[in-house]
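Visitor: Sequence:
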Amino acid sequence: MISKIVNPIVGIIIGLAVVIASQSVFTVNETQQVIVLQFGNPVHVYQEPGLKFKIPFVQNLKYIDSRILEVDPEPEELLLADQKRLVVDTFLRYKISDPLLYYKTLNSENAAKRRLQEQVNSSLRSNLGKVNLPDVLSSVRTSIMAQIQEEVNADVERLGLTVADVRIVRADLPTETSQAIYARMVSEREREASEARAQGQEMAQQIRSKAERERTVLIAEAEKKAQITRGVGDEEAIKIYADAFQQDEEFYGFYRSLEAYRKSMNKDNTTLVLSPESEFFRFLKDKRLGQ
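When you line the sequence shown up against my numbering, it's residues 460 to 750, in that order.
Because the hints were derived from the structure by calculation, they are not lab data. From a predicted model like this one, the values you see are computed outputs, not experimental measurements. Be careful, since some hints might not be right.
Claimed, not checked - Distance windows between CB atoms, simulated: (1) Glu533 to Ala623: 16 to 22 Å; (2) Ser598 to Val502: 46 to 52 Å; (3) Gln664 to Glu695: 42 to 48 Å; (4) Phe512 to Ser602: 47 to 53 Å; (5) Glu654 to Asp631: 29 to 35 Å; (6) Arg643 to Ser585: 25 to 31 Å; (7) Leu520 to Arg617: 21 to 27 Å; (8) Ala623 to Met644: 36 to 42 Å; (9) Asn566 to Ile473: 36 to 42 Å; (10) Val676 to Val645: 42 to 48 Å; (11) Leu560 to Pro508: 16 to 22 Å; (12) Ile514 to Asp631: 55 to 61 Å; (13) Glu577 to Ala623: 14 to 20 Å; (14) Arg617 to Pro508: 25 to 31 Å.
Think of the CB as a built atom: it goes at the ideal place given N, C-alpha and C, for glycine as much as any other residue.
Based on the sequences and whatever the hints tell you, model everything.
Guide: Shown next, in the form of C-alpha cells:
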C-alpha cells in the first residue's frame with residue numbers, strides 16, 4: 460500500500476526536478492549573445508559561448524545575434540560641391556557590440572537598421588556635399604568613406620552598435636544627367652573631329668602651297684638655265700655666222716637665202732614663185748659657184 464503511494468510521488472518529484480533542471484540550464488552558441496531578464500529587467504549578459512544557468516520560472520532569456528550583420532540602404536540622390544547630382548548606393552556591415560545598450564535603446568534589428576540607414580545617408584550628404592565628382596571617382600573616396608564610418612560609429616556606439624565597414628557599391632548619375640552628359644560628349648567628339656578635319660585641310664593646303672612654290676622655283680630655275688643655254692647657243696651661232704660671213708660674204712648670203720626658202724617651203728603643197736632676176740637665180744647663174 461505504501462509503495463503504491465510512494466512511487467507516484469517519486470515520479471512527480473523526478474519529473475519536477477527534470478523540469479526545473481531544464482529551466483535552469485541553457486546554452487549560448489558562438490553566434491549568440493544572451494541577456495537574462497528577471498521580471499522584465501536585465502540582470503546578466505552572456506557573450507561567451509557555453510553552458511549557462513538561470514533561475515527557473517523567474518528569469519527569461521533574450522537572444523541577440525553576435526554575427527556581423529548587413530544593411531543595404533536604398534540608393535540616395537545627392538548634390539555634390541560642383542552642383543552635380545549623383546545617385547549613391549551604399550553597403551554597411553555592423554555588429555551588436557553591447558547587447559545591454561542595444562536592448563535598452565533599440566531592442567530590434569529592424570530599429571537598428573533604420574537608425575543606421577538614416578545616419579549613413581545623413582553622413583553621405585554631409586561629406587559628399589563637400590567634394591567634386593572626380594573626387595568620388597578617385598582614391599579620395601577611400602578617405603571619404605573612412606570619415607563617414609567614423610561619424611556613423613560615433614552616433615551608434617551609444618546604441619550598442621559598432622560599424623565594421625561602409626562602402627559605396629555603386630555611384631551613377633541620374634538618368635537625365637547621364638543623357639545630357641552623353642549628348643555633350645557626342646557634341647565634344649564632333650567638335651574635335653571637325654577641328655581635326657580643319658587642321659588636316661589646313662595642312663594639306665600648306666603642303667600644296669609649298670609644293671606649288673617649289674614647282675614655281677624649279678620652273679623658274681629651269682627657264683633661267685634654258686635661257687642661259689639658248690643665249691650661249693645664239694652667241695655661238697652668231698659667232699659662226701660672223702666667221703662665215705667674213706670668209707665669203709656672197710656664199711653666206713646665198714646660204715641665208717636657201718635657209719629662208721627651206722623654211723618657207725617646209726609645209727606641204729607650198730608653191731613659191733620667183734623672178735628670174737631674184738637673188739636666188741642670180742646665185743645660180745654666178746659661175747663662181749660652179750668653181
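Visitor: Now tell me, hint by hint, if it's right for this structure.
Guide: How the hints compare with the structure:
1. Glu533 to Ala623: 16 to 22 Å: Between glutamate 533 and alanine 623, where Cβ atoms are some 21 Å apart, the hint holds.
2. Ser598 to Val502: 46 to 52 Å: Given range 46 to 52 Å: holds, Cβ gap about 50 Å.
3. Gln664 to Glu695: 42 to 48 Å: holds, 46 Å
4. Phe512 to Ser602: 47 to 53 Å: holds, 49 Å
5. Glu654 to Asp631: 29 to 35 Å: Since the Cβ atoms of glutamate 654 and aspartate 631 sit about 31 Å apart, the hinted range of 29 to 35 Å holds.
6. Arg643 to Ser585: 25 to 31 Å: This hint holds: roughly 29 Å between Cβ atoms.
7. Leu520 to Arg617: 21 to 27 Å: Since leucine 520 and arginine 617 have Cβ atoms about 25 Å apart, the given range 21 to 27 Å holds.
8. Ala623 to Met644: 36 to 42 Å: holds, 39 Å
9. Asn566 to Ile473: 36 to 42 Å: holds, 39 Å
10. Val676 to Val645: 42 to 48 Å: For valine 645 against valine 676, whose Cβ atoms are near 46 Å apart, the range 42 to 48 Å holds.
11. Leu560 to Pro508: 16 to 22 Å: holds, 21 Å
12. Ile514 to Asp631: 55 to 61 Å: holds, 56 Å
13. Glu577 to Ala623: 14 to 20 Å: Because 18 Å falls inside the window, the suggested range holds.
14. Arg617 to Pro508: 25 to 31 Å: holds, 27 Å
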